[in-house]
Amino acid sequence: MKYNVEVIVSFKKGVLDPQSAAVSGAIASLGYDNIVNLTISKKFNFQISGSTRDIVEEQVDNLCRKLLANPVIENYHYSIWEEK
Amino acid sequence: MKYNVEVIVSFKKGVLDPQSAAVSGAIASLGYDNIVNLTISKKFNFQISGSTRDIVEEQVDNLCRKLLANPVIENYHYSIWEEK
Amino acid sequence: MKFGVVLFPGSNCDKDAEYAVNFLGQSCEMLWHKEKNFKGIDCIILPGGFSYGDYLRAGAIARFAPIMERVVEFAQKGGLVMGICNGFQILTEVGLLPGVLIRNKNLRFVCDIVPIRVENTEVPYTYNLKKGDILKLPIAHGEGNYYIDNKGLEELKKNNQIVFSYLDNPNGSVENIAGIVNIKGNVLGMMPHPERGVEKVLGSEDGMKILKSVINWWGEKNGKL
Amino acid sequence: MANSREESYKLAGLTEEEYQKILADLKREPNPLELSMYGVLWSEHCSYKHTKKLLKYFPTEGEKVLQGPGENAGVLDGGDDIGIVFKIESHNHPSAVEPYQGAATGVGGIVRDIFSMGARPVALLNSLRFGSLNKQRNRYLLTGVVKGIGDYGNCLGIPDVGGEVYFHSCYDENPLVNAMCLGLVSVDKIKKGIAQGIGNVVMLVGAATGRDGIKGASFASANLEEDNENKRPSVQVGDPFMEKLLLEACMELVDNPYVVGVQDLGAAGLTSSACEMAARGKSGLELNLDKVHVREENMSAMEIMLSESQERMLYVVKPQGVEEVKKVFAKWDLQASEIGKVTDSGKIEIYYKGKLEGSIPTESIVDGVPLRDPLRKKPAYIEEKAKDIPIKEKVNYNDVLKTLIADENICSRKWIYSQYDYMVGNNTILRPGDTVGAVRIQGTTKAIGMTVDCNPLYPYLEPYHGGMMVVLESYRNLVAGGFKPLGITNCLNYPNPEDPENYYVLEQSIKGIAKACQELNTPVTGGNVSLYNQGVNTKIYPTPVIGMVGLIEDYHRCVTTAFKGEGELVYLVGE
Ligand SMILES: Nc1ncnc2c1ncn2[C@@H]1O[C@H](COP(=O)(O)OP(=O)(O)O)[C@@H](O)[C@H]1O
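Chains as they are written, first to last, in our numbering: chain V, 1 to 84; chain D, 1 to 84; chain Y, 1 to 225; chain R, 1 to 575.
In short, the hints are calculated from the structure, not lab data.
Nothing here was measured: the structure is a model prediction, and the numbers come from that model.
Check the hints yourself; a few may be wrong.
[To be verified] Subject to a maximum C-alpha distance of 27 angstroms in a straight line, what follows is the list of computed BS3-like cross-link-like pairs (lysine-lysine): (1) R:Lys147 - V:Lys43; (2) D:Lys42 - V:Lys12; (3) R:Lys539 - R:Lys135; (4) R:Lys147 - D:Lys66; (5) Y:Lys158 - Y:Lys200; (6) Y:Lys34 - V:Lys12; (7) V:Lys42 - D:Lys66; (8) V:Lys13 - D:Lys13; (9) D:Lys43 - V:Lys42; (10) Y:Lys34 - R:Lys147; (11) D:Lys42 - Y:Lys105; (12) R:Lys446 - R:Lys564; (13) Y:Lys130 - Y:Lys200.
If we strip away everything but chain V, and leave its shape as in the complex, we get:
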């Protein structure tokens, strides 16, 4: 079975992300004073094959914890859907 996966990795609340801070500053200096609460996350898309959804889900979760996110500062969540 083939599945599509999307993983979003974002900074935990309370961790100051220098990039978001810099982009917010740049937005303000462009004159947009009506924009607030900017966050930047990483989005991963890939395809995975496996015999059942559960097996695939476990692998994806593992991959997130081990590689795609650093649990000290980042959260992740994912969605998995079957390829049509």
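Please build the complex by placing chains D, Y and R with the ligand on the supplied structure of chain V, with the hints as guidance.
For chains D, Y and R with the ligand alone, kept in the frame of chain V given last:
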């Protein structure tokens, strides 16, 4: 009116994305030989206030072109929804 | 004393580390990242550079190199492990040191020679130094902004794990942290480059004090002075 | 029919005269692949058709010259069997479109030129020009370019030991990004970009080939406004990590006895490197494009031949060495494909999917372009501006000083060079901020001093003497640091040469540079020409950037700029 905005910025088709290539290599070397077609994009979330949706949309589009995406090598798309 | 310098794809201070070790009259072996084992090494150096291009997060991919399993084992048994710059990033990613190194606060790479203060002299790496000593050391990094949450910071302080701090914070690090050790004190991670500070003509010789400390500590412990 | 033929050679960037020459050389009509290959190799960038004659003014020989112009980089004799390999190159147009990637891939290109010669790169320099910083766009360009140069060079671990930057409105539309690299090699291990020995194997190594930067041929005049995804030439993206692996692998092959020739793939990709290597060896090549490792599906022969994907090299290897060479690249996780062999046909023959897709005489495509000899006219402004500028008598010198040191062209450059790793390698003796940059040669007491300079006002106001003065500035800088100057590389950044006034200035300043090099005994070992730096409203000042290299026998005797102590005397020397 307050709106939530989500912007996704990704490499254009055909443009070399060394980061995705390196991460794909790492995934393979971790033993996941069932994962293919990995892409990595940036996701921005923010809130914007404005009197109408059209005005807001124009500002968002502008911001994407000027700051969030590099139109020479990146595509962007966004969704805007009203804050409840 | 014998040092081992791990060579990852993308390492670029491996030769500098070897040069510094040889300069101080010690022997050095280069360890290829694909090796699964090494023998007879007294201190491992994870050198600076851009292992795997620093893609994803600095150090995130290198921690899975085959040799890292043995490095972790070696460290857990009390072996000396020094992570310099990219090496520090790898040590946090692999979990031998707490916290993480993120992008510099101003998002710019910074290269300079900066003063750091010695905060802890209980570890091999500062064996010859006094608390409060000021060392001038080269820095060169884009992701040297040390982050740890408050609870973690309390732990670091309680266990006296902060070894070096910047006088003039160049990157936004929590508490001006420039270098830390693990609880046992055998694993050091630091952003400044002691291996570049071994000769006056290069702009600094204070790095020598750190490397000599390790050598002296080891010599004394093994009765080889 | 005639009409569409004219259209197609124009699309390839060729003139009627050039097209006639191609017909004569081929004795038939070129097919679209051949035409576009001619188009890129006969472009100004690759063929030097406007400057080849002028470059002959340069002195290129001397007792210290081991390799003059014509190879991937020049080589000077550093004594004790040490070859000093160095070259400068421009990446102006790409940086104007995409400052970060443009500058980054510029660094990548010049570094490959150095290690293709078998030399380990030990220093980088850069020369930059932007419009004034009071314009937002120029700040954006500066920020992107500096970050691009820094990220690429830092990742490679090559110290950036110096450079220069000027701001002037003449660069508003055409910023300049010139990068110089210097490397060291044992003299007996110098590699050349040559393909010879019938039956030897042609190998393409490094990054996979994609549709990057395919500009030549039909894409050149496709309407960029048109939002046609597939037709747009895509900007080249650099991968410094890949380059680092490539560098280390190539260094491991320096001693390999089976390697016959090496060249990097730069502008015009496989077309130029294959053709140039064959021309140097007076050989033919048979290329099989099915063997090229590609990044994208369904690439055409033309796309493969013209792709400017970065981080690739072309090797010519004796058959018995192929496995060994592959092993070294595999160790560094790099692909190496056997894509062809050396023949005695005197032609570049291209096969794809079982068909002969193109066959071009090597000599014709590399050296056959009809050279241009444009009109010259002395610009009127020169006489006008040569008049004395009155100096105001009553000024407050404190104010003048403050104005001067706050000026964008005089203030500290630390914001730039602190983003470059200038200490990696443990050899940097003089770093940015000093008169010149210098790296020592490990294992000796020697150091190499290097500098890039060009105050464009001089050649603008008085092309001949101005050209001389640019060389003299480099010379003075090196001497001030304690170095004996040995030779130069240069990057000639000029506006459109088809304008007689521009061509006059180009020729005169080249003559001035040549004269100075002659008198100072600093021959020219190579360089790069970037013309057409001209926009709708502005054209750049003549900007011949000089990269000069010198040697000191004992690096402990280098002189730094700083005042050393109180009470020391200060002298002003000269007229
Ligand atoms: N683009 C650059 N990259 C690296 N170093 C630079 C750059 N621009 C200037 N520098 C360094 O800053 C110092 C001052 O530059 P500049 O004002 O051009 O010097 P000078 O006029 O004394 O030759 C020099 O040491 C030079 O190497």
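Would you mind confirming whether the straight-line C-alpha gap from Lys130 of chain Y to Lys200 of chain Y stays at or under 27 angstroms? This hinted pair holds, its Cα atoms lying about 21 angstroms apart.
For a C-alpha distance cap of 27 angstroms, please report whether Lys42 of chain D and Lys12 of chain V respect it. holds (16 angstroms)
For Lys147 of chain R and Lys66 of chain D, compute the direct alpha-carbon distance and say whether it is at most 27 angstroms. holds (18 angstroms)
For the pair supplied as a hint, Lys446 of chain R and Lys564 of chain R, confirm whether the alpha-carbon distance does not exceed 27 angstroms. holds (23 angstroms)
With a cut-off of 27 angstroms on the C-alpha distance, tell me whether Lys13 of chain V and Lys13 of chain D pass. Given pair Lys13 of chain V, Lys13 of chain D is violated - Cα atoms ~33 angstroms apart, limit 27 angstroms.
Lys43 of chain D and Lys42 of chain V: Cα distance at most 27 angstroms? At roughly 6 angstroms apart (the allowed maximum being 27 angstroms), Lys42 of chain V and Lys43 of chain D satisfy the hint.
27 angstroms Cα cutoff - pair Lys147 of chain R, Lys43 of chain V: holds (24 angstroms)
Between Lys158 of chain Y and Lys200 of chain Y, is the straight-line Cα distance small enough, at 27 angstroms or below? Violated, at roughly 37 angstroms.
Can you confirm whether the C-alpha distance between Lys42 of chain V and Lys66 of chain D stays at or below 27 angstroms? Given that 27 angstroms is the threshold and the Cα spacing comes to 20 angstroms, the pair holds.
Would you check the hint for Lys34 of chain Y and Lys12 of chain V, treating anything up to 27 angstroms between C-alpha atoms as holding? violated (34 angstroms)
Given hint Lys147 of chain R paired with Lys34 of chain Y - CA-CA distance at most 27 angstroms: violated (32 angstroms)
Under the criterion that the straight-line Cα-Cα distance not exceed 27 angstroms, is the pair Lys539 of chain R, Lys135 of chain R satisfied? holds (17 angstroms)
Checked against the numbered hints listed earlier, the structure breaks hints 5, 6, 8, 10; every other hint is satisfied.
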